[in-house]
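Listed here are the chains, written in short residue letters.
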Amino acid sequence: MASARDGQWRQAAEALVIPVAALAAAMVVFGVFMAALGQNPLEIYTLIYQGAFASAFSWQNTLARAAPLVLTALCVALPAQAGLMVIGGEGALVLGGLAAAVAGHLLSGVAPASVKVAMALAGMAIGAAWIALSGALRQYRGVNETISSLLLTYIAVALFNHFVEGPLRDPASLNKPSTAHIGDANMLGNLPGLDIHWGLGFGVVFCVAMYVLTRHTTYGFALRIVGGNPRAARLAGLPVTPIVLAACLLGGGAAGLAGAVEVAAVHGRANASLIAGYGYAGIVVAFIARQNPLAILPVAVLVGGLSASGGMLQRRLDLPDATVLVLQGIAFMLILGSEALYGRLKPFRPRAA
Amino acid sequence: MIELGWWGVPIGVLGGAIRVSTPFLFVSLGECITERSGRINLGLEGILVMGAMSGYAVSYASGNPWLGVLAAGGAGLALGLLHGLACNLPRVNDIAVGIGLMLLGTGLAFFLGKPYVQPKAPTLSAIPLGAWSDSPHIRAALQVNPLFLIGLALALGLAWAFRNTRWGLVIRMVGDSSDAARAMGYAVARVRTLSTAAGGFLAGVGGSFLSLYYPGSWSEGLSSGQGLMAVALVIFARWNPIQCFYAALLFGGAGALGPALQSVGVTSGYYLFNAAPYAVTLGIMIATCSPRRTLTGAPGELSINR
Chain G
1 MASARDGQWR
11 QAAEALVIPV
21 AALAAAMVVF
31 GVFMAALGQN
41 PLEIYTLIYQ
51 GAFASAFSWQ
61 NTLARAAPLV
71 LTALCVALPA
81 QAGLMVIGGE
91 GALVLGGLAA
101 AVAGHLLSGV
111 APASVKVAMA
121 LAGMAIGAAW
131 IALSGALRQY
141 RGVNETISSL
151 LLTYIAVALF
161 NHFVEGPLRD
171 PASLNKPSTA
181 HIGDANMLGN
191 LPGLDIHWGL
201 GFGVVFCVAM
211 YVLTRHTTYG
221 FALRIVGGNP
231 RAARLAGLPV
241 TPIVLAACLL
251 GGGAAGLAGA
261 VEVAAVHGRA
271 NASLIAGYGY
281 AGIVVAFIAR
291 QNPLAILPVA
301 VLVGGLSASG
311 GMLQRRLDLP
321 DATVLVLQGI
331 AFMLILGSEA
341 LYGRLKPFRP
351 RAA
Chain P
1 MIELGWWGVP
11 IGVLGGAIRV
21 STPFLFVSLG
31 ECITERSGRI
41 NLGLEGILVM
51 GAMSGYAVSY
61 ASGNPWLGVL
71 AAGGAGLALG
81 LLHGLACNLP
91 RVNDIAVGIG
101 LMLLGTGLAF
111 FLGKPYVQPK
121 APTLSAIPLG
131 AWSDSPHIRA
141 ALQVNPLFLI
151 GLALALGLAW
161 AFRNTRWGLV
171 IRMVGDSSDA
181 ARAMGYAVAR
191 VRTLSTAAGG
201 FLAGVGGSFL
211 SLYYPGSWSE
221 GLSSGQGLMA
231 VALVIFARWN
241 PIQCFYAALL
251 FGGAGALGPA
261 LQSVGVTSGY
271 YLFNAAPYAV
281 TLGIMIATCS
291 PRRTLTGAPG
301 ELSINR
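These protein sequence lines are chains G and P, in that order. Under my numbering, think of the first position of the first sequence as 1, with each following residue one higher. Under my numbering, think of the first position of the second sequence as 1, with each following residue one higher.
If you're looking for bench data, these hints aren't it; they were derived computationally from the structure. Built from N, CA and C at the ideal position, the CB exists for glycine as well.
Among chain G residues calculated to face chain P with C-beta under 8 Å, some are:
{"hint": "1", "residue": "Leu150"}
{"hint": "2", "residue": "Gly329"}
{"hint": "3", "residue": "Phe332"}
The whole structure should be built from the sequences, with the hints applied where relevant.
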C-alpha cells in the first residue's frame with residue numbers, strides 16, 4: 001500500500017520536474033541565442049518578468065491573454081485524450097467569435113442577460129460543430145484529423161473574411177472592416193472585484209469540469225481507453241465514434257467560447273483582431289501541460305504572460321514582436337523532446353517492492 | 001490591348017498555376033522524400049517561411065538571388081535535421097515535433113527577418129516562354145521561373161531514383177518496414193533523419209521562391225499555408241513524385257482562381273475563392289481516404305495510417 005502511494009508521488013514529481021526542467025533549459029537556450037545576437041539575456045528576462053507579472057496592470061494584461069489560451073488549449077487537450085491531434089482551434093475560435101457577434105447584433109433590444117447567454121451558446125455551437133467535423137471525417141472517412149482541422153481553419157478564416165468584409169460589414173467601419181457592434185449593454189463585464197473579464201472565469205470552470213470529466217467519470221475512463229488503444233476499446237464494446245465525437249464537440253465548444261468571449265468582452269464586434277493566433281498558442285499550452293486540463297491553467301498564465309511582455313521588449317529594447325514566439329518555439333521543442341526522459345530518471349522510478 | 005473577356009479566366013488560372021505551383025512542388029517533393037522514409041514532417045510550413053526569409057536576406061546581402069536560394073535550402077536542411085534528430089528520441093511523436101517546428105520556424109523567421117521587410121533584394125528573373133504570342137495575357141502567363149523547370153526535372157528524377165537507385169530503395173524499405181530494414185543491416189533512424197533533412201532542403205528552396213520571385217518580397221504574411229498543404233498534397237499524389245507535380249499545378253490553379261475571376265470583374269466572393277485550394281484539398285482527401293483500408297502506395301510505417 002505504502003509503496004503504491006510512493007510510486008504515485010514519484011510519478012507526480014516526475015510530471016512536474018521534467019517539464020519545469022525543460023522550460024528552464026529553453027530559457028538557457030534562448031538566452032544563449034539572444035546573447036549571440038548581442039543582447040543581454042538577463043535584461044530580457046527581467047523585462048519579460050516586468051511585462052508579465054510585476055504589477056497589477058501587467059497581471060491584468062497577462063490574465064486577459066491567458067483566458068482565450070485556456071479555452072483553445074482545451075480544444076487540443078480534449079481530443080488528445082481520445083488520441084486525436086486536432087490543431088484547428090483557431091478556426092473554431094474565429095467562427096465562434098463571428099457567430100457571437102451576429103447573435104449579439106440580431107438580438108439587440110432583448111434583455112442583456114439572455115443576449116449574453118445566446119452569444120456564448122452560438123459561439124460554442126459553431127466551434128463544436130467545426131471541430132466535430134474533423135472528428136467525424138476521421139471516424140467515418142479515415143481523413144487524418146490533424147490535416148483536416150488545419151485545412152478547416154484556413155476555410156474558416158476565409159469564411160470569416162468573406163462575411164466581415166461583405167454581407168455582415170458594418171458600413172460605418174471604414175478602415176477596419178467589422179461587423180456591427182453588439183451594444184454596450186450586451187458587453188460581458190469583469191469578474192467581481194477584479195479588472196479581468198469573465199473569460200478567465202469560464203476558462204477556470206471549463207478546465208476543472210474537464211479535469212473531473214476525464215479523470216473521474218465513466219465517460220472519461222472510456223475516452224482514455226479509446227485514446228490508449230482504439231482496437232481494444234472497440235473489442236470491449238465501447239462506442240468509439242460517439243466517444244471521439246463528444247470529445248471533439250467539447251473541445252470545439254471551448255474554442256468557440258473563446259472567440260465569443262473575445263467579441264463579447266474585448267472587441268464588441270468581429271474583425272481581424274480576432275485572428276490573433278490564440279488557436280496556435282493554445283497548441284503550445286496544451287502540449288506543455290501534457291494535455292492535462294488542470295495543468296493548462298498555470299501554463300496558460302505563463303504563455304499569456306510571455307505574450308503580454310512582447311510589447312515591453314519591443315518598446316524598451318527595440319526587439320521584434322516575434323521575440324516571444326522564438327522563446328515559445330524553443331520551449332515547445334524542448335518540452336516535446338523531454339518526453340523521452342519519462343521513466344528513465346532513477347529518482348522517479350518506483351522502488352521495487 | 002486585346003480584350004479577352006471570359007477567356008481571361010482560364011489563361012489567368014494557367015499562368016497562376018505555373019506561378020503559384022512552384023513552392024507547392026518543392027515542398028511536396030520534400031515531404032514525399034520524408035514520408036517515403038516513414039515520417040511525417042508537419043513543420044515544413046516553418047521551414048518554408050524560414051527559407052523565404054533567409055533566401056531574401058542572403059540575396060539582399062550578396063546581390064545574387066541564386067545564393068539566396070542556396071541559403072534557403074541550407075536553412076531548411078538545418079531545420080529538417082532538427083526534426084529528424086528530435087524524432088529519433090524514444091516516444092517523441094513526429095506530428096507533434098512538426099507542429100513545434102512550424103511555430104519555431106515561423107517565430108525565428110519573423111524575428112530574424114524584421115530588418116528585411118523594407119529593403120528591396122534582387123529577385124530571380126523569369127524565362128519568357130510566351131514570347132511567340134502577341135497577347136500580353138499569354139505572355140504574362142508563360143513567364144516561367146527556372147525553379148519551376150528545376151522542380152519538374154527533380155520530380156522526374158526522384159520518381160526514377162525511388163525505383164532504380166540504391167538509396168531510393170533503401171528509403172522506401174525503411175518507410176515500408178523498419179523491421180525488414182533493420183534485418184538488412186540499415187540504420188533506420190539515420191536514413192529517416194537524412195530523408196527529413198533532404199525534405200527540409202527542398203522546402204527551404206520552395207520558400208525562397210516566395211520571397212525571391214512571386215510575390216517577390218519578404219513579409220510576415222508571405223506564406224498562406226503551402227507548407228501544411230504539402231502534407232495533404234503528398235497524400236493526394238499517393239507518394240508519387242510525378243503526381244506531386246500534377247497536384248501542385250492543380251493547387252496552384254485553385255489558388256489563382258480568385259485573382260483571375262477578379263481580373264474579369266467578378267469581385268463578389270473574393271474571399272471565398274481564397275478558400276478554394278483548402279477546400280479542394282479537403283474534398284480530395286474526403287474522396288480518396290477510407291477508414292477500412294490504407295491508401296495504395298502509402299508507406300507502411302507512416303503514423304497517419306495507423
